[in-house]
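Take a look at the letters that make up each chain.
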Amino acid sequence: MTTALSRTQIARRAAQDIPDGAYVNLGIGLPTLVANFVPKDREVIYHSENGILGMGPAPAPGTEDPDLINASKQYVTLLPGASIFHHTDAFVMMRGGHLDLALLGAFEVSRAGDLANWATLDDKTPPGVGGAMDLAAGAKAVWVLMDHTTKDGRPRIVEHCTYPLTARGVVKRIYTSLAVIDVTPDGLFVREMAPGLSFDDLQARTGAPLRLANDWRPIAID
Amino acid sequence: MTTALSRTQIARRAAQDIPDGAYVNLGIGLPTLVANFVPKDREVIYHSENGILGMGPAPAPGTEDPDLINASKQYVTLLPGASIFHHTDAFVMMRGGHLDLALLGAFEVSRAGDLANWATLDDKTPPGVGGAMDLAAGAKAVWVLMDHTTKDGRPRIVEHCTYPLTARGVVKRIYTSLAVIDVTPDGLFVREMAPGLSFDDLQARTGAPLRLANDWRPIAID
Amino acid sequence: MLDKRVKTLADAVAGIKDGAVVLIAGFGSSGIPVELIHALIDQGARDLTVVSNNAGSGRTDLAALLATGRVRKLICSYPKTSGSVVFEELYAAGKIELELVPQGTLSERMRAAGAGLGGFYTPTGVGTDLAKGKEVRKINGREYVFETPLKGDVALIKAERADRWGNLVYRGAARNFAPTMAMAADLTIVQAREIVELGALDPETIVTPGIFVDRVVHVPNPAAAGQP
Amino acid sequence: MLDKRVKTLADAVAGIKDGAVVLIAGFGSSGIPVELIHALIDQGARDLTVVSNNAGSGRTDLAALLATGRVRKLICSYPKTSGSVVFEELYAAGKIELELVPQGTLSERMRAAGAGLGGFYTPTGVGTDLAKGKEVRKINGREYVFETPLKGDVALIKAERADRWGNLVYRGAARNFAPTMAMAADLTIVQAREIVELGALDPETIVTPGIFVDRVVHVPNPAAAGQP
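Protein sequence lines correspond, in order, to chains A, B, C and D. Read in order, the letters of the first sequence are residues 1 to 222 in the numbering used here. Read in order, the letters of the second sequence are residues 1 to 222 in the numbering used here. Read in order, the letters of the third sequence are residues 1 to 228 in the numbering used here. Read in order, the letters of the fourth sequence are residues 1 to 228 in the numbering used here.
Hints were generated in silico from the structure; no laboratory data involved. Errors might be hidden in some of the hints.
Within a straight-line C-alpha distance of at most 27 Å, the following computed DSSO-like cross-link-like pairs (lysine-lysine) qualify [as the list claims (entries may be wrong)]:
#: 1; chain 1: C; residue 1: K138; chain 2: A; residue 2: K124
#: 2; chain 1: C; residue 1: K95; chain 2: A; residue 2: K140
#: 3; chain 1: A; residue 1: K172; chain 2: C; residue 2: K17
#: 4; chain 1: D; residue 1: K73; chain 2: D; residue 2: K7
#: 5; chain 1: D; residue 1: K73; chain 2: B; residue 2: K73
#: 6; chain 1: B; residue 1: K151; chain 2: B; residue 2: K172
#: 7; chain 1: B; residue 1: K172; chain 2: D; residue 2: K132
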C-alpha cells in the first residue's frame, strides 16, 4: 500500500537537502513551507524579490510591519545580517546566478527540465508572471515541489509541457508526492520513491520515461 | 587693441551662465576653475564621476580625506545635502541625461558641435579616456571652455575635428579666450567678443564660418 | 536655491498631461504612494499608461485610479494579487490594455531608461509566450531576448524621509521599485513622511540622490494601500 | 553556519589561477585593496587580465603587480594618472596589452555580467575610435554601440566594515567600483578595516549585500595606495 506524501511532507523532504549557508528563494505556495523544516543547525539565507535578503520567520501577532513582506505579500522578519535593497538589485541577484537555489511550485515539468509554473490555460482571468521567469532563468539550481499528478490523476511530469513555459531546461530536481527525481542530460533519474510504491506504479503516473537510480531508496518520512 | 581673456577670465565668464540649482560636472583642467566664480547666491550641485553629488570647496590644509576626491584626484569636501553612490550609478547620472551641464576642456570643437577632448595624436603615451565620452554623450548640455587657438595660432574651432572624436554634435556653447559662441543647427553664432576684437579678426582665427548674433556684445570682464 | 518642496498634493501633481506614462512605485501594499495617486485622480489627467508591479487591490489608490477609466494601459508583472477586483473587472470587460512583463525585466527596462541605454539582452523569458515577436540573440552560446527601455513621463514615489534637494531614504522593503522609477521618469514626484533639514541625511546612506527627484510633498501620515 | 571570514591574506587569495580575470576596485588611490594586491603578488598567479579604472601610480599595489610582469592585459579607462610610471614603461616597451574602455561603459559592462545580461546598447563612444569594429544600432532615432558583459574570475575589494555573511559598507567615495565588481566576479575577496558582529550593520544601509561576497579578511590598518 503506497502512502503518497502530503504537501507538508514534500516540503519537509526538500528541506533536508538545502545546504548550510545557501542563498535560497522560495516560490509562492508549497515551497514557502520549506523554511519551517530546514534543520536548525543550518544557516540558510532567504531572498525575496522585493528586496530582502536574510528573512526570518513570520512575526509574532501584533508585531507585523507592513513594509516587511515577502513575494507572497506575507509579513516577515529580518534576521541579524539581513539586508534591504531595491527591486533592480533584487533581480540582479536572481537573474545573475547569485542564488544557489530556487524552490518553485509547478504545473508541469518536462523530461528536459522545462518548467511551466506561471500561466494556466484559462483565458478569463488576467495572466500574471511576477518574478517566476527571472528566477527560473537565473538561479544556479531550480528545484520543483509539486504533487506528482493533477487532482484528476494526469501526470505533471511530462514529455513536453502543455502549459505555457516559464523557462526551458532549468529544473534540476523534482520533489513530488511520490518521488524525488533528478533531471539530467541522460534523462529523469528516480532517487527516492514513496514507501510501498513500485517503479512501474510510478512510471504509470508519469508522462515521461523514468530511470531508477542504482542507489535509489524509499523516501524517509518522519 | 584686443585683450584676450586669461584662463581665469574664461572660467569667470562661463560661471556667470550657470543657473541656480543646476547639476553640473566640471571637467579636468580649466573647467574646474569655474566653481570659484559662480555667484554666491546660486546653489550649484557639483557631480563627480567617482560617486559624489554635492561637492564643496577644497578642504582646509590638514583636513584632507583620501576618500573624498574628485575626478582629477583632488581633495574635496561635501556640502550639506551631498550624497555618495557607486560608480555605476554615477554614470547612470552622466549617461542618462540627469546632469544639466557638463563644462569640458577641448582640443577642438567642430561647426556641428563635434567634440575632441580625449586623445592627442601622440602614439608614444598610452591613451586615456576616463569618463569623457560618457559625459559628452549624456549631459543635457555640453559647454566647452578653451583657448580660441593653439599655442602656435591654429584654430581650435574647426570645420571637422582632426583630433580623435569624443562625441558627435554634443557641444552647445563655447567659451574661448576671444568669444562666446553658440553652436546651433544654423551654424556658429557669436554672442560675445573680447573687447576690441573685430568680427573679421575673430573669423580669421577660427576654422569654421561664424555668424555674428544681432544682439552680440563685448564680453564683460571684471 | 535648490528647493524641490511643494506645498500641496495638488502642486505636486500639477501639469501631468493626458496620455502620460506614469510609473507608480510599490509592491503589494508596501511603498504605494497612496496620497499622490489620489491627487492624480483629482488632477484629472486621462488616457494614461500606468507602470506598476501590481494592479492595486481593494478600491483605493491604484484600484481607484483604474476605476476612473482614465488608464488606457497597464504595464505590469503581476496584476492578480488577491483583491485586484477593479482591474479584473476592467480586464474581463476589455476596458483596459495589459502589457505583461516579467518583474525583473520590468525593473531593468526602467533602469535602462534612467541609465540612458538603448536596450539590453536578458535570458529571462527566452522560449516563452512573453518573448513572442521579440528579437532573440545567441551570445556566448546562450539565448537572450532583446528588451527596450521603459521611460516614464512621471513617477510617483513614497519615501520615508526627504530633504529640500530631493535626497531620499525609504522604510524597509517599501523601497522596492522607487529608486529605479525615480531615475526613469522625466518628472519624479515624491511624497515623504518626513522632511528634514539639508544635511540631516547621512551622505553615505542616501538611497535616491536628489538629482533623480523633481518635487517633494510632505505627507506625514500616509494611508495604507489597498483599502476596501 | 555561513562564515566568509578567512584568517590570513594568503587564505584570502588562495586558489587564484593563472590566466584569471581579476577586477581590482578603486579610483585613483581611493578604495584600492592594497594588501590584497600584494597578497596576490605573493600568491604568484600569472598571465592575468586586470580590470581597473587606473593603472596604478608609484611603485606599490597595482603598479607593483604590473611590475611583476604577470599581467598580460589591462582593461582600463584611464591608465595615465600622474605617477603611472610602471604602466607607461611596460606599455612603451610593448610588454602589456591595453583595452581602453570608457569609464561608464567599463562599469556598466561589469554590472551586466553581475546582472546576468547578455549585453547592452550605450550611446557612449558612438562615432569614436573606441567604437571601431563594434555593432552600432539605431534605436528610436539615436545611435548606440553594443557592449558585452565583462565578468571577473576574481574581484579584489576594500571595504570599511564587514560581517561574517559578507555584508559590506564603504568609506566615502572609496565605494566607487567596489559594489559593481563584487557582483561581477565568481570569487569576490574583501579586505575590511573592521569586522563587526552579524546584525551590527543596519540592513537598510548595507551597500553590498553578502550574497556578492565570498571571502572577507581583516586588514585593520590598510596602507595608502600609490606609494613610491
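Going through the hints against the structure:
no.: 1; hint: C:K138 with A:K124; in the structure: violated (35 Å)
no.: 2; hint: C:K95 with A:K140; in the structure: violated (41 Å)
no.: 3; hint: A:K172 with C:K17; in the structure: violated (49 Å)
no.: 4; hint: D:K73 with D:K7; in the structure: violated (31 Å)
no.: 5; hint: D:K73 with B:K73; in the structure: holds (24 Å)
no.: 6; hint: B:K151 with B:K172; in the structure: holds (24 Å)
no.: 7; hint: B:K172 with D:K132; in the structure: holds (26 Å)
Hint compliance for this structure: hints 1, 2, 3, 4 are broken, all remaining hints hold.
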